[in-house]
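Colleague: The chain contents come next:
Protein chains: 4
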Amino acid sequence: MGMIGGSLDAFIGAVHRKAAALDGEIELVCGAFSSDPKKSKATGKALYLDPSRVYGSYAEMIEKEKQLPEDQRMDFVSIVTPNHVHFDPAKMALENGFHVIIDKPIAFNVAEAKALKKIVDKTGLVLALTHTYTGYPLVKEARNMVKTGKIGKVRKVYVEYPQGWLSTFVEGTGNKQASWRTDPSKSGAGGAIGDIGTHAANLAEYISGSDIVEINALLNTVVKGRQLDDDSSMLVKFENGASGVLLATQVAAGDENNLNIRVYGEKGGLEWRQEEPNTLVVKWLDKPKEIIRAGWGYLCDAAKKNTRTPSGHPEGYLEAFANIYMAFARGVRDHKAGKTIDPAKYDFPDAQDGVRGMAFVDAVIKSATSNKKWTPLKV
Amino acid sequence: MGMIGGSLDAFIGAVHRKAAALDGEIELVCGAFSSDPKKSKATGKALYLDPSRVYGSYAEMIEKEKQLPEDQRMDFVSIVTPNHVHFDPAKMALENGFHVIIDKPIAFNVAEAKALKKIVDKTGLVLALTHTYTGYPLVKEARNMVKTGKIGKVRKVYVEYPQGWLSTFVEGTGNKQASWRTDPSKSGAGGAIGDIGTHAANLAEYISGSDIVEINALLNTVVKGRQLDDDSSMLVKFENGASGVLLATQVAAGDENNLNIRVYGEKGGLEWRQEEPNTLVVKWLDKPKEIIRAGWGYLCDAAKKNTRTPSGHPEGYLEAFANIYMAFARGVRDHKAGKTIDPAKYDFPDAQDGVRGMAFVDAVIKSATSNKKWTPLKV
Amino acid sequence: MGMIGGSLDAFIGAVHRKAAALDGEIELVCGAFSSDPKKSKATGKALYLDPSRVYGSYAEMIEKEKQLPEDQRMDFVSIVTPNHVHFDPAKMALENGFHVIIDKPIAFNVAEAKALKKIVDKTGLVLALTHTYTGYPLVKEARNMVKTGKIGKVRKVYVEYPQGWLSTFVEGTGNKQASWRTDPSKSGAGGAIGDIGTHAANLAEYISGSDIVEINALLNTVVKGRQLDDDSSMLVKFENGASGVLLATQVAAGDENNLNIRVYGEKGGLEWRQEEPNTLVVKWLDKPKEIIRAGWGYLCDAAKKNTRTPSGHPEGYLEAFANIYMAFARGVRDHKAGKTIDPAKYDFPDAQDGVRGMAFVDAVIKSATSNKKWTPLKV
Amino acid sequence: MGMIGGSLDAFIGAVHRKAAALDGEIELVCGAFSSDPKKSKATGKALYLDPSRVYGSYAEMIEKEKQLPEDQRMDFVSIVTPNHVHFDPAKMALENGFHVIIDKPIAFNVAEAKALKKIVDKTGLVLALTHTYTGYPLVKEARNMVKTGKIGKVRKVYVEYPQGWLSTFVEGTGNKQASWRTDPSKSGAGGAIGDIGTHAANLAEYISGSDIVEINALLNTVVKGRQLDDDSSMLVKFENGASGVLLATQVAAGDENNLNIRVYGEKGGLEWRQEEPNTLVVKWLDKPKEIIRAGWGYLCDAAKKNTRTPSGHPEGYLEAFANIYMAFARGVRDHKAGKTIDPAKYDFPDAQDGVRGMAFVDAVIKSATSNKKWTPLKV
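Chains as they are written, first to last, in the UniProt record's numbering: chain V, 1 to 379; chain F, 1 to 379; chain C, 1 to 379; chain Y, 1 to 379.
Here chain V stands alone, though its shape is the one from the complex (with noise of 0.2 Å):
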C-alpha cells in the first residue's frame, strides 16, 4: 500500500493506516504524505518507511513505483487527502495500473465520479470507497434480515447522522479538520449534506436494499459565517416504495458521531446505532423484541466474516475500517491471481457508491433551492 495525503496531523490517514494493518494483510510500503516534502518525509520516518519510498508528491510516487519490478512495488494507493485532491491521484494511480481505496466522498462532483468509475470499468481495476458504517457486522446482519425478508417488504426508513461538533465557529480558531471541510474550494458543493450526510444515504440504501429516488430537503447554515451546510434534513422514497428521513446535521450541540437508523418492515423492525455498535435490536409485532449482538452463532455468514473478537469483546471503528480493507483486499488478491473483479461480491463500497454519494449531494442541494416538493435523484 502507498498513502496518498496522511501526514501525521491529519486525522484520517492514521485512521486508514491502522485500519489497513490491524489484520496483518496489507503493509504500507510507501507514501506521499503531504504536498509539503518536509511533511511527506517526516511522517515517513516516523512510520519507519524506507526514506526512498517517501515522495514529495503523489505524481512522483505513481511514476517512481511503476518502475519497480512488479513484486516489489506497492498493490495499491490509499488516497486521505481532502476532496478536491481526490479525482487526480485516483486516476493517475488506475491509469498506471494501481488499485485504489478512497476516503468518501469520491470526488468533487458528479462528474469526476463518473469519469473515474468509467476508468475503474474499463481498467478492470479495484476501486475502494471508504464508507466506514457498512463494515460493521451488524450492519451487514441488518442487511441481511432485510434481504430474507424477517421483517417483510420494507415501509420506512429513518436514518440520522447528528453530530456536534460545528455548533460554533471553530473555522475560525484553526481547527484544521473544520477549515477544509466548510471550505467549497476543498469540500465540494456540500458541507454536512457531503461530509455524513452521504454516510447516511449510503447506510440506509446498503440496508435497505433499495436506491432513494426522491428528496424533498431543508438545507440549512446554522453558524453564522460559515460558507457551506452544517445542518440537513429531508423526506426521502425509496425506489421499493418505502419513504422515509434523512438528517445529518454538524449542529446537534453536544452530540458525538451519532449515527443511527431504523428500518420499518411489514413483519418487524431494525434499529442500529453506530456509536454501540455490536447491538442490533429487532422488534416484532407480536413477541418480545430481540437484541442481536456480535459475535454470536446465530449471526449470517457475512456478520461472522466480519468480526475478530467472541461476543462481548467489543468492536468498533478501526474494525468496521478494516473490514473494508479486508474486502478490498480479497478484491486486490484476485485481480493479481487473474480473477475478473465483480465488486458485489467482496461487500465493500465501489465506484458506483461514489456516484451516487455525489449525485446524493447534487439532488439535496438542488431540492433545497427549489419550491418543488420533491426532486428526483438520479443517477
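One thing to keep in mind: the hints can contain errors.
Because identical chains share one entry, a pair is satisfied inside a single copy or across any pair of copies.
[Unchecked claim] Below, computed lysine-lysine pairings styled on BS3-like, alpha-carbon distance capped at 27 Å:
hint	residue 1	residue 2
1	Lys-267	Lys-304
2	Lys-64	Lys-147
3	Lys-114	Lys-345
4	Lys-153	Lys-224
5	Lys-339	Lys-45
6	Lys-64	Lys-336
Derived from the structure by calculation, the hints contain no laboratory data.
Guided by the hints, dock chains F, C and Y onto chain V, whose structure is given.
Modeller: Frame of chain V, contents of chains F, C and Y only:
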C-alpha cells in the same frame, strides 16, 4: 366529576378515572358512560356510583346535575368519547356552567375547536385538554431549561411519535380502539396525524416555547384498506427560527408508544423519551453529558410540584395524566373561589392548544396534498 | 380503609393513600394519622375526611369504628407508622375483627412477627405486607418464567439494593425519614438491612421460588456517628441449591433506589431493574436476548392482571404499590363474602413473608458478628 | 516480536497479533506457534513470515534469534500458550536477554510467578502482562478520578465478571478453549477464578488504587463433570478500608463478557461496563449524574493518550489490548535506549500484578475450603 363516555370496555375512560382518583382530590360522582343506557348503568354500578346519578345520556346528566344544589352537583365533566362526540357535550356543559376536561383532540375540526374556545372565553370557565405528555415532570424541566436559556437559542427540534399497533389491518378484526380511530366519521380528517401527531406537535411547542409556523409533509396510508393516514413525516419550521422534523406513524412495527424529543440549542441539547420518562439527558459542547432524573432537589419548581415519589421510585403515564387533572382542579377550585382564570398560570393544555392541534391536522393534510414545499400553520 | 400513621409530613403514608385510591376500589374513611391529635386532625381535614372519624389514637379509632354499623365502619386498617409502632395496632385491629395491611417490615423483631402471624392464623383475617416490588407486573412475569421452567433449574441469584441517600450524616440535619430509620429504638436491630435488605431478600425468594437458607454476611456502619448498619453485602444459599449474592447499602453515593435482580438458570437468565420496571431482559444460551415489556399479549396472566395501561405507557412505583392493595382488597372482599382466605391465592406478601423478613434481619446480624462462615436462616 | 503459541486455530494468539500490529509500531518477525512443527510452519506461512524464522519450539526460537545480529533479531517474545506453558518460555526468554509480554495469568502458580518476578528484577528487562481491561481509556479515567479525590475516600467496590459460555459441558464437545481452561493440568488450580476472576481483581485494584487484603469466598463447580470451579463469589476487604463484592462466573447463562465495576466514595460513584467501554457514568450526591465519554477534551492525560479516534467513533477490546502493547513497547524502546525501567511509569500490568493474580487464586481457593470467614490475601 361527571364522566361522559368511558364505559367498561373503553381504554381511555379508565385512564381518566384512575388519573383523577390518584391524589384523592377529585371524586367521580356521576356519569353518562355510554349512549347505550344499559352499558352506562353497568359501568356506574361497577364504579360504586349512586344509581340515581348514572345517566343514559350526557344531555340528561348535564340537565339533572344542574338541578342539584350547588354543593352536591358535579363540578366538572370529563369527556372521553371518540372525537366526533367532543364538541356537543363540551359546549352544553360549558353553557350550563360546568367546567370541562376533555381528551385530545379537542374536537372534530378547526371550526368546532374555535367555537369551543369562544365559549370558554365568554363563560370564563376552565377547559383543559389532556395532552398527557406535557404532564411529565421532566418535560416541565426540559421546558424550563429552554426558557431559562440553559441550552441557548433553540436551533433544531426533532420530535417523533412511532407506534406499531396499526401495522396490520386490525380495524378489520373487531379492535374497538382501531375501529373508531381509522374511521373518518368518528376520528376526523386525520388518522395517525390526529391521534398522535397532535401530541408530538404539542410537546415540541411546549418544550421549545415556540410555535410551528410552516409544514412540509408527507402523509401515507400504508396498510391496505385503511381509510385514514397511518403514517406521517414532515419538516417543520418554528416561529423562533428553529427548524426540525416531526414524525408520527402507527406502522412502526414493534414500536410501542415511543414518543421522544430532542431539542438542540446553541449551547446544549436535550433528549427525552416517554417510555423512560424519569430520565432527561442533557448534552453540552465541552463537558460531560448529564442525566437529569426525576425526584432530585436540583430540579425546577414545576418539575418538583408534579412529582409524587422520591428519585428512583418511577412514576409513569398515569401520574403524568394525574398532573393534568391536578392542574385543572386547581383552576376549578380557584374559579369556585371567585378568581379569574388564566390558563397559563395552571400549566395545563387549554382551548388554545386544542385549536392549534386541529389547525395542525389541517395544515398537514393541506401540505401533504400540495406540490408546494411549505404550507403555513396559522391559527 | 382507616389509616394509622401517615400525617402530612410523612412519606410513605401518602404513597399508601394514592396506591389505595388509584383503582377506585378502596376509600379512605377514617384515620389516626399521628400520636399528636392536632396533627391527626389537620391531616384528616386536608384529606376531606369526616372530622368525626379523624381520631387521636389508633386505639380510639379501632374502638369507635367497631361501634359503627358494619356497613359503615372501616373494613381494614393500613399501618404506616415507624417499625416500633407496627405490632400493637396490628394486633389490636385483628383482635377487633379488622383486616390489616402494613408497611414492611411487619414488626420490630421476630417474636412480634410470629405473634402476629399466630393471630392472623387464628382469626382467619387478611394481613398483607407492602413488599411493593413484588407488585410489579414484570416481577410476576419473571417469577412465572422460573416457575414454568423457562430458564431451567436456578443456579445463581444476584440481588442488589443500592441507595445513596444515607451517604452523609443526614440524620443530624433533621431529616425525618433518616432519623427514625437510623434509630434502633424505632427501626429495630437492622438499619439498611431491615429497611431495604428485607425487600431484596423478599424479591429474590419471590422470583426464584426458593427460600434463602444460609447467609454469610458483612455488615458495616460506614457513616460516622450512625447507630445502625448502613451497608451490607452477603453470600447466600437457597433451598433449591442455588447460591448468590445479596447486597443492600444506603451509602452508594448517587444511587437512587436501584433495586435489581438477576437470576440464572441452566437454560437462560433474567434481569430486572426497579428503576426501569417495564423491561425484563431474558438471556439465552444460543439465541438473541429478549426484551420482555409490560403490556404485551405474550405475558403471563399474573403480569397482565397487574397492568393498567397498554405497552409503552409506563407504569411505576405507585402502580406496583396499588397492585398489592388490590390483591389485599380481593382477599378482604372474599372474606366478607364468607370465603376462607388462602394468602397464596391472592399473590400478596403475607404474615409469613413478614416473619421471614424479621428472621432475615436476625440471621444477617448474627452472621455479621460471627467468625463462622455460614449462618442458617430458619423460621 | 516473536510469538510463542498462537497457531491459527487459537483465539488469543490472533488477538495479540492484531493488537500488536494496530499502531504500526511492532512487527511480528518470527514465531514458534505450536509444539507441532507442521502447525507452526503453516501458521508462519499464513502470516507471511520468513520461513527461516518460523521455529519448531520456543527454545529453538530463543536460541536462533539470539544468534542473529542485534538489529535483526526479535526484541521481545509474546507468550500466548495455555497457562502451564508460561513460566518456562518466559524464564528462558528473559535469561537470554529478550523482553516478555505474556497473556495472563502470568504462570501456573505463585511460586512460578515469584520466580519470574525475581528474574525480571535481576535482569532489568521489561515484562508486561495482558490484563487487557486496564488498557481501556475510561478505566484510566476512572482510576484518575479516584486518585485525584473526585469521588472522595473509597467506601465500596463491586466488581463482577459474569460469562455464560461454560453453562453446559462444552469441554466434552471438543471446544478447544474450554478444554484447556477446565483442565487443572493446563490451567492451574483455578478455573473461572483464574481465567476471569484475576481480571476482576486486577481491575478493582487498578481503579480503586488499593489492594485486596482479605477474602471470604464461595467457589462452585456448577456443571456436572467439570474438573475446576466455574463459579465464584466473594466478599472482599481492601487495604484502604473499603469493602465490596467480587464475582466471577462462567455459568451466567446468556451473558457474554460482562465485566463491570462500580466504585463508591464519600462524594460520588463510578460505573463502567466493559461491553460498552466508551461510557463511564459518574454519580453525585446532589447534582445530575454525568456520562463521561471517550475521546473528549475534558479527560485526563492517560485516557487521552490511550485513545485513537474522536468521540463517537467507538474503540473496543483490540484497542485496549493494543494500549497494553504500546505501553510495553515504550518500555522496550526506553530499555534499548539505555534507560532504567520503572514499570509504574509505563502503566502496563507487570510481574508484580502477575504475582498478585496467582496469590489471589490461592487465597480464594483457601477461603472457599475454610470454615473461617476471612482469609488474608498476602503477597
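Colleague: Look at each hint and say if it fits the structure.
Modeller: Now the hints, each set against the structure:
Proximity of Lys-267 and Lys-304 under a CA criterion of 27 Å is satisfied in both settings, with 25 Å inside one chain copy and 24 Å between copies. Taking CA atoms no more than 27 Å apart as the test, Lys-64 paired with Lys-147 passes in neither setting, with 45 Å inside one copy and 54 Å between copies. Taking CA atoms no more than 27 Å apart as the test, Lys-114 paired with Lys-345 passes inside one copy only; the shortest distance there is 21 Å, against 54 Å between copies. Proximity of Lys-153 to Lys-224 under the C-alpha cut-off of 27 Å is restricted to the inter-copy arrangement: shortest distance 13 Å between copies versus 43 Å within a copy.
For the homomeric pair Lys-339 and Lys-45, the shortest alpha-carbon distance between copies (23 Å) is at most 27 Å, but the shortest distance inside one copy (36 Å) is not. Taking CA atoms no more than 27 Å apart as the test, Lys-64 paired with Lys-336 passes inside one copy only; the shortest distance there is 20 Å, against 35 Å between copies.
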